[in-house]
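Number of protein chains: 2
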Amino acid sequence: MTTSSQYRDRVRRLTSGGRFDAALIASPQGLRYFSGFSGFGGAYLVLGPSGSNMVVTELEAPDSDSAFFEDRLVVEKSKPLLPEVIKVLSSELGQGILGLEEEFVSLSLFEKLKGLGRDWVGISRDISAMRSVKDEQELSDIRHAIEISEQAFEQAKEFIRPGVTENQVAARLEMAMKEGGSEVPSFPTIVASGVRASNPHALPTGKKIGENEVVVVDFGATYHGYASDMTRTLFVGNPPKELHLAFDAVLETQLACFSSLRVGQPLSEAASLAVRSLEKYGLAKYYIHSLGHGIGLEVHESPYLSLTSNDVLSDGNTFTLEPGVYIPGLGGIRIEDDFLAWEGKVSKLSSLPSRL
Amino acid sequence: MTTSSQYRDRVRRLTSGGRFDAALIASPQGLRYFSGFSGFGGAYLVLGPSGSNMVVTELEAPDSDSAFFEDRLVVEKSKPLLPEVIKVLSSELGQGILGLEEEFVSLSLFEKLKGLGRDWVGISRDISAMRSVKDEQELSDIRHAIEISEQAFEQAKEFIRPGVTENQVAARLEMAMKEGGSEVPSFPTIVASGVRASNPHALPTGKKIGENEVVVVDFGATYHGYASDMTRTLFVGNPPKELHLAFDAVLETQLACFSSLRVGQPLSEAASLAVRSLEKYGLAKYYIHSLGHGIGLEVHESPYLSLTSNDVLSDGNTFTLEPGVYIPGLGGIRIEDDFLAWEGKVSKLSSLPSRL
Numbered sequence: 321m322t323t324s325s326q327y328r329d330r331v332r333r334l335t336s337g338g339r340f341d342a343a344l345i346a347s348p349q350g351l352r353y354f355s356g357f358s359g360f361g362g363a364y365l366v367l368g369p370s371g372s373n374m375v376v377t378e379l380e381a382p383d384s385d386s387a388f389f390e391d392r393l394v395v396e397k398s399k400p401l402l403p404e405v406i407k408v409l410s411s412e413l414g415q416g417i418l419g420l421e422e423e424f425v426s427l428s429l430f431e432k433l434k435g436l437g438r439d440w441v442g443i444s445r446d447i448s449a450m451r452s453v454k455d456e457q458e459l460s461d462i463r464h465a466i467e468i469s470e471q472a473f474e475q476a477k478e479f480i481r482p483g484v485t486e487n488q489v490a491a492r493l494e495m496a497m498k499e500g501g502s503e504v505p506s507f508p509t510i511v512a513s514g515v516r517a518s519n520p521h522a523l524p525t526g527k528k529i530g531e532n533e534v535v536v537v538d539f540g541a542t543y544h545g546y547a548s549d550m551t552r553t554l555f556v557g558n559p560p561k562e563l564h565l566a567f568d569a570v571l572e573t574q575l576a577c578f579s580s581l582r583v584g585q586p587l588s589e590a591a592s593l594a595v596r597s598l599e600k601y602g603l604a605k606y607y608i609h610s611l612g613h614g615i616g617l618e619v620h621e622s623p624y625l626s627l628t629s630n631d632v633l634s635d636g637n638t639f640t641l642e643p644g645v646y647i648p649g650l651g652g653i654r655i656e657d658d659f660l661a662w663e664g665k666v667s668k669l670s671s672l673p674s675r676l
Numbered sequence: 321m322t323t324s325s326q327y328r329d330r331v332r333r334l335t336s337g338g339r340f341d342a343a344l345i346a347s348p349q350g351l352r353y354f355s356g357f358s359g360f361g362g363a364y365l366v367l368g369p370s371g372s373n374m375v376v377t378e379l380e381a382p383d384s385d386s387a388f389f390e391d392r393l394v395v396e397k398s399k400p401l402l403p404e405v406i407k408v409l410s411s412e413l414g415q416g417i418l419g420l421e422e423e424f425v426s427l428s429l430f431e432k433l434k435g436l437g438r439d440w441v442g443i444s445r446d447i448s449a450m451r452s453v454k455d456e457q458e459l460s461d462i463r464h465a466i467e468i469s470e471q472a473f474e475q476a477k478e479f480i481r482p483g484v485t486e487n488q489v490a491a492r493l494e495m496a497m498k499e500g501g502s503e504v505p506s507f508p509t510i511v512a513s514g515v516r517a518s519n520p521h522a523l524p525t526g527k528k529i530g531e532n533e534v535v536v537v538d539f540g541a542t543y544h545g546y547a548s549d550m551t552r553t554l555f556v557g558n559p560p561k562e563l564h565l566a567f568d569a570v571l572e573t574q575l576a577c578f579s580s581l582r583v584g585q586p587l588s589e590a591a592s593l594a595v596r597s598l599e600k601y602g603l604a605k606y607y608i609h610s611l612g613h614g615i616g617l618e619v620h621e622s623p624y625l626s627l628t629s630n631d632v633l634s635d636g637n638t639f640t641l642e643p644g645v646y647i648p649g650l651g652g653i654r655i656e657d658d659f660l661a662w663e664g665k666v667s668k669l670s671s672l673p674s675r676l
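In order, the protein sequences belong to chains A and B. When you read off a place in the first sequence, starting at 1, and then add 320, the result is the number in my numbering. When you read off a place in the second sequence, starting at 1, and then add 320, the result is the number in my numbering.
If you are wondering where the hints come from, they were derived from the structure by calculation, not from laboratory data. A quick note: this is a predicted structure, and the numbers were derived from the prediction, not measured. Just to be clear, a hint being listed does not mean it is correct.
[As the list claims (entries may be wrong)] Estimated spans, in silico, between C-beta atoms of each pair: (1) A:K665 / B:G337: 54 to 62 Å; (2) B:Y601 / A:E390: 34 to 42 Å; (3) B:Y601 / A:Q457: 43 to 51 Å; (4) A:R582 / B:R481: 38 to 46 Å; (5) A:Q457 / B:T525: 13 to 21 Å; (6) B:E431 / A:E390: 30 to 38 Å; (7) A:S428 / B:D329: 23 to 31 Å.
[Stated by the list, open to error] Think about it this way: if two alpha-carbon atoms lie no more than 25 Å apart in a straight line, the pair counts; the simulated BS3-like pairs of lysine-lysine are: (8) A:K399 / B:K600; (9) B:K605 / A:K399; (10) A:K434 / B:K434; (11) B:K399 / A:K605; (12) B:K600 / A:K397; (13) B:K665 / A:K600; (14) A:K600 / B:K432; (15) B:K477 / B:K434; (16) A:K477 / A:K434; (17) A:K432 / B:K399; (18) A:K397 / B:K605; (19) A:K432 / B:K434; (20) A:K605 / B:K397; (21) B:K432 / A:K434.
All C-beta atoms in this analysis are idealised placements derived from N, C-alpha and C, irrespective of residue type, glycine included.
Assemble the whole structure, with the sequences as input and the hints as a guide.
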């Protein structure tokens, strides 16, 4: 578990830059990162000169007992929460500059905060930059989430055969993850069989897996809020030859990208390598998404591995590499693993065999 | 399934008020409500003089094939999506007034939209007012979601006994919902046993259910995106007498609120009745959340049944009534069912027995 002194250190690192005088943390991920609070909303953090102040509803108060804060105000259910948050924020802020998570704060929330302080600045980028560099505790939670999802997949895999529905496979897999200690799936599990696999984001349906079909399974667990995210593609019987060739090309592409990655490198280079690698097989036109993304408290977070990304690979990044090929009317292939950059080296965190 | 003409009608109803000249729909619920699109993001709707224009990434394009739109632009993965959205929006809007979902649009997105049109207005309230009044198709989807969750609960209930962990119960229940056709749980299933039940939002853990413990299970399914939300409290063996008394008080409270509700009534009145009903038993101090909330494309939506709500019960509303009592150090009780106001009458949609 992350300790109080680690949470305190995160708060200090965010607030010490001098860009703002007090900040409001309103996003679930922000609350979790700076305090460990994992409730369903109903809580805000005000980070100011007096430290970290949690303002929380009576309902969510029990969930905040084990969270990190230097002061806490529990608001009775007969009172609306936000006016109480604004009082605390206003007293911390004075006529200073307010830090807001600009990627999270809605126009409607902003309207209610207007008039506080003399101006505001965005802090989402500062937070996402901090969060993209994992510490050992975070890494251990991500490893654990990966372990849970891999063990669950090993169980669910035995169940994949003709006549079983996509929904049944997803249900087994999610059950095994939960039994293994996953909090929630890190996103809705994808199980796409046969022609449906040509849609990268096909949610499972009541469709039965047929003879000689490809099955794409994209899944992830969460542990202490941290996500894993993996994809495996299985052949049931003997699907069309084009899909076997595509499988080889996608796997070769993932391995090529992995071995090319260097700490300090612009991640758009890896994304571009993936396109070139699939081009050799005439498959680049069927590769319609990016190469990967960071994983952490969100299943999609910084750094991003796409052609248009400005991110650079840094020590402490945890991320996916997930090339894929989607052939309309035929099916699709995706292979996704989780990786780590640490002390100058890139390594693979996940360990399920790619060919099943 | 909702038909094209129903989606078109929703678009017309939103845009016909004359408050704005073109609107951007960016929220997942908004996209679903106005087009049926159910992808993972990567899509926007521009509603303007030329009708409903979908702008979607290549990746999400297959998910939009069956959605309603009058025109569609598919953006290649080498291009960022938002600049293309802004082009379409700008051409629809001219120097008119822009409608934005103020509860959803972030400061960061707003920054990118600045300069479009001559001003903007919020449309979240208009949309949530429309969405709070369900049509027959929506009602049928909600009924289906309730049916799935009730059948799943009947299966999972058999599994609740001493020695089984909370995680295992949640896993079984979620598996049964998925096998029954639920898309995703409508929220992370709550299973809280023994003293843990005194926290209304306790997520399941590896804790084993003990002899003579109370078990609170709060769960929901989704069907065509529409949520159910129910809670049952079970007694394993013979928990402390106070919890039996609390159970009776909570059930009486739920029934009293149900029978008091009238179309046209301020919902704060029902919330206040719940407090008075629990006060008779000296339990109001342990009742720390609101009475209920609307259900639909979101599991918490308008109307809200709380002491501070300004909502009035209207024909077409689907909502929960979920009084609860949480006694620190002892446990908790919650009973939650789903209800409907239709043609002037309030009826119960869920049908699981309250006492199990």
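Taking the hints in turn, this is what the structure says about them:
1. A:K665 / B:G337: 54 to 62 Å: 59 Å, holds
2. B:Y601 / A:E390: 34 to 42 Å: 38 Å, holds
3. B:Y601 / A:Q457: 43 to 51 Å: Because 45 Å falls inside the window, the suggested range holds.
4. A:R582 / B:R481: 38 to 46 Å: Violated, at about 55 Å.
5. A:Q457 / B:T525: 13 to 21 Å: 19 Å, holds
6. B:E431 / A:E390: 30 to 38 Å: Check passed, 32 Å falls within 30 to 38 Å.
7. A:S428 / B:D329: 23 to 31 Å: 27 Å, holds
8. A:K399 / B:K600: Given pair A:K399, B:K600 holds - Cα atoms ~22 Å apart, limit 25 Å.
9. B:K605 / A:K399: Since the Cα atoms of B:K605 and A:K399 sit roughly 15 Å apart, the hinted pair holds (cutoff 25 Å).
10. A:K434 / B:K434: 18 Å, holds
11. B:K399 / A:K605: Distance of about 15 Å is within 25 Å: holds.
12. B:K600 / A:K397: Status holds; Cα separation ~19 Å.
13. B:K665 / A:K600: 66 Å, violated
14. A:K600 / B:K432: 38 Å, violated
15. B:K477 / B:K434: 53 Å, violated
16. A:K477 / A:K434: Between A:K477 and A:K434 the Cα gap is close to 53 Å, so the pair fails against 25 Å, i.e. violated.
17. A:K432 / B:K399: 35 Å, violated
18. A:K397 / B:K605: Judged against 25 Å, a Cα distance of about 10 Å means the pair holds.
19. A:K432 / B:K434: Holds, because 20 Å separates the two Cα atoms, which is no more than 25 Å.
20. A:K605 / B:K397: Status holds; Cα separation ~10 Å.
21. B:K432 / A:K434: 20 Å, holds
The structure shown violates the earlier hints numbered 4, 13, 14, 15, 16, 17.
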